[in-house]
Amino acid sequence: MNRFLSKDFLSGLMFIGFGLIALYFGQKLALGTPVRMGPGWVPRMLSLILIGLGGLICVVALVTKGEPVERIKWKPLTLVTVGIICFALLFESAGLLPALIVLVFISSLAGEEFKLMEVIGNTIVLAILCTIVFKVGLGMNIYIVKMLGW
Amino acid sequence: MELLNNLALGLSVAVSFQNLLYALLGCMVGTLIGVLPGIGPVATIAMLLPITFHLPPTASLIMLAGIYYGAQYGGSTTSILVNLPGEASSVVTCLDGYQMARKGRAGAALSISAVGSFFAGTVGTIIIVIFAEPLTRMAQKFGPADYCALMALGLVAAVVLASGSVTKAIAMVFLGLLFGLIGTDVNTGAQRFTFDVPELSDGIDFAPIAMGLFGIAEIVVNLERHLERGGAIKVGSLWPTREEIRRSIPAVLRGTTLGALLGVLPGGGPTLGAFSAYTLEKKLSKHPEEFGKGAVEGVAAPEAANNAAAQTSFIPMLTLGIPSNAVMALMVGAMIIQGIQPGPEVMTKKPDLFWGMIVSMWIGNAMLVVINLPMIGMWVKLLTVPYRYLAPAILLFCCIGAYSLQNSTFHVLQVAAFGVLGYVFVKLGCEGAPFLLGLVLGPQMEEYFRRAMLLSRGNAMVFLERPISLGLLITTALLLVLMALPSIKKARKEAFQEEG
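In the order they appear, the protein sequences are chains U and E.
At position 34 of the first sequence the residue is numbered 34 (our numbering), and the sequence of numbers has no breaks.
Count along the second sequence from 1, then add 1000; that gives the number in our numbering.
None of these hints come from the bench; they were simulated from the model.
Predicted model only: the values in this text are computed from it and were never measured.
Just so it is clear, CB atoms sit at the ideal spot from N, CA and C, and this is done for glycine as well.
Warning: the hint list may mix true and false statements.
Said to hold, decoys possible - Cross-link-like lysine to aspartate or glutamate pairs, in silico, DMTMM-like; alpha carbons within 20 Å at most:
1) Lys7(U) to Glu67(U)
2) Lys75(U) to Asp1352(E)
3) Lys1293(E) to Glu1002(E)
4) Lys73(U) to Glu1224(E)
5) Lys146(U) to Glu113(U)
6) Lys7(U) to Glu1431(E)
7) Lys1427(E) to Glu70(U)
8) Lys73(U) to Glu112(U)
9) Lys1103(E) to Glu1290(E)
10) Lys7(U) to Glu70(U)
11) Lys135(U) to Glu92(U)
12) Lys28(U) to Asp1196(E)
13) Lys1381(E) to Glu118(U)
14) Lys115(U) to Glu1224(E)
15) Lys1141(E) to Glu1431(E)
16) Lys1141(E) to Glu1345(E)
17) Lys1350(E) to Glu1133(E)
18) Lys1282(E) to Glu1224(E)
19) Lys75(U) to Glu112(U)
20) Lys1103(E) to Asp1196(E)
21) Lys1427(E) to Glu67(U)
22) Lys1427(E) to Glu1244(E)
23) Lys7(U) to Glu1224(E)
24) Lys1286(E) to Glu1224(E)
25) Lys1286(E) to Asp1352(E)
26) Lys1282(E) to Glu1244(E)
27) Lys1103(E) to Glu1243(E)
What the hints assert, rightly or not - Here are a few chain U residues that face chain E, going by a calculated C-beta distance under 10 Å:
28) Phe4
29) Leu29
30) Leu56
Put together the whole structure using the sequences plus the hints.
Dropping the structure here:
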């Protein structure tokens, strides 16, 4: 096994990465003095600690040889994420119902089995439930189908 | 008797029609998600946080608390009947609970765990009542430096007790603290890490983050592993035999004590309580060979322990404003949403909320016995709903919930982004709970840190000169040193392996 592909080594790299990002984007923030700390003091302190910890984790991981990372299955992750993004794009422009249909269909594709009739049934149940709970029950100011003005 | 007056006040608040209704609702939802594997209380509470905007503070906290301890009851049903843990805290219940079910004693296992849980919940509530006032009074003496040290201790202890790799978990805390800084700096008004996104200038909302990390990431992982379910076993008679009762009473007592103690510790809570109680019973038993083959103590003790711990884990949150686990971090969030700053002031400024919530916990526990035993048939039916129906529904509720936070789709996109990040965390073996604790405590901790430094004229020694702060920091350091000791390292590793 490649020792650079262990869970620990990669997570160390991730912490270093986040620390560097915070340092880079926080460089314009004034540091201030220890008495009157500026907005940049604490972020800089935290990012430096994070980079230090990340480095430590990396070194330990290289010495001890940690667990390898499991294979990533792209299908569920991609489909679920795409589903949520579609929902976000459709919700205000088209309304709850279109957004809901798209989300339920895309996320159902992410699973092992996809039976069309089941998904349609699930969509109908969820559509009715959401309309009752969010529109009628909680009185949220949302459109069910925007084109129809509901 | 001030205590009795307080309890009377709490009772009057808790039995109002509205609060009873929300307690019942919370317990029902809690049982539901407890029974269903693949969704836990953290994701559910995050999902429902936006809805609590529309409720009065007391009702919303009562409901959220109900979800948390309701999940402890519901989780055992799934463990016993289908040998799948409904919740992390009922993993051990599978060992003996399912074996009892195979011997036709499912009903007895269910009723022992429900009644044991109720007893433990009652004791847990009494402990909260007794310790709330002295702890609060102590906390009122704390200065900014002391608070900062207390939070450091809370965070470190939470990490040490609750996770696999200590270094990684501490790094996660720092990452959480860093994310907590996003937004406008309170003291200077400077924009920090907002990237000119107006939605970020008020600070990053933790509800979408919690939904992403605990809800979405969990769904993705479950879809990968295609969660399977065996057929449910018939429940049979709910009445335990005399022998079963005789053996479970001492187990429940021990489980309750251990769970209540471990629940108060930062990072403790239901899961730790249940595991320790099971190990203890196995060590004390005259027939350790029966464990894993349907020993009734193996069900009674962990079930009592997880519920006692669920109750007592409210103590640090309610009295000091310091969350000890991810669920408590969200409760802190729920209070902030309602404009209540968690901490020792809650008890003096909002006594109706404080005591109302405590009394309602006991009422909720009583409701749960009824919800779980006579209505067991309904929950068993729910177990047959396949995960492919649930996943889209959970996703949908997360999306709508996130949108309703501020009526903006930006928050929905945030859920998606943190879902991906949460997935990365899972793959790298980094835990989400320390991150969430850091995120929630971050802004407050910075505030206390800067105030302490201002008061001491920039002298960092202030943290070592104040006795309270010094004591807390020494404890923190001791904990860290202890974890580095080889013998403890080994014991911890074994304990977590059993868990995994």
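message = Going through the numbered hints above, which ones does this structure break? Give me the numbers in ascending order.
response = The structure conflicts with hints 2, 3, 5, 15, 18, 20, 22, 24, 25, 28, although it agrees with all the remaining ones.
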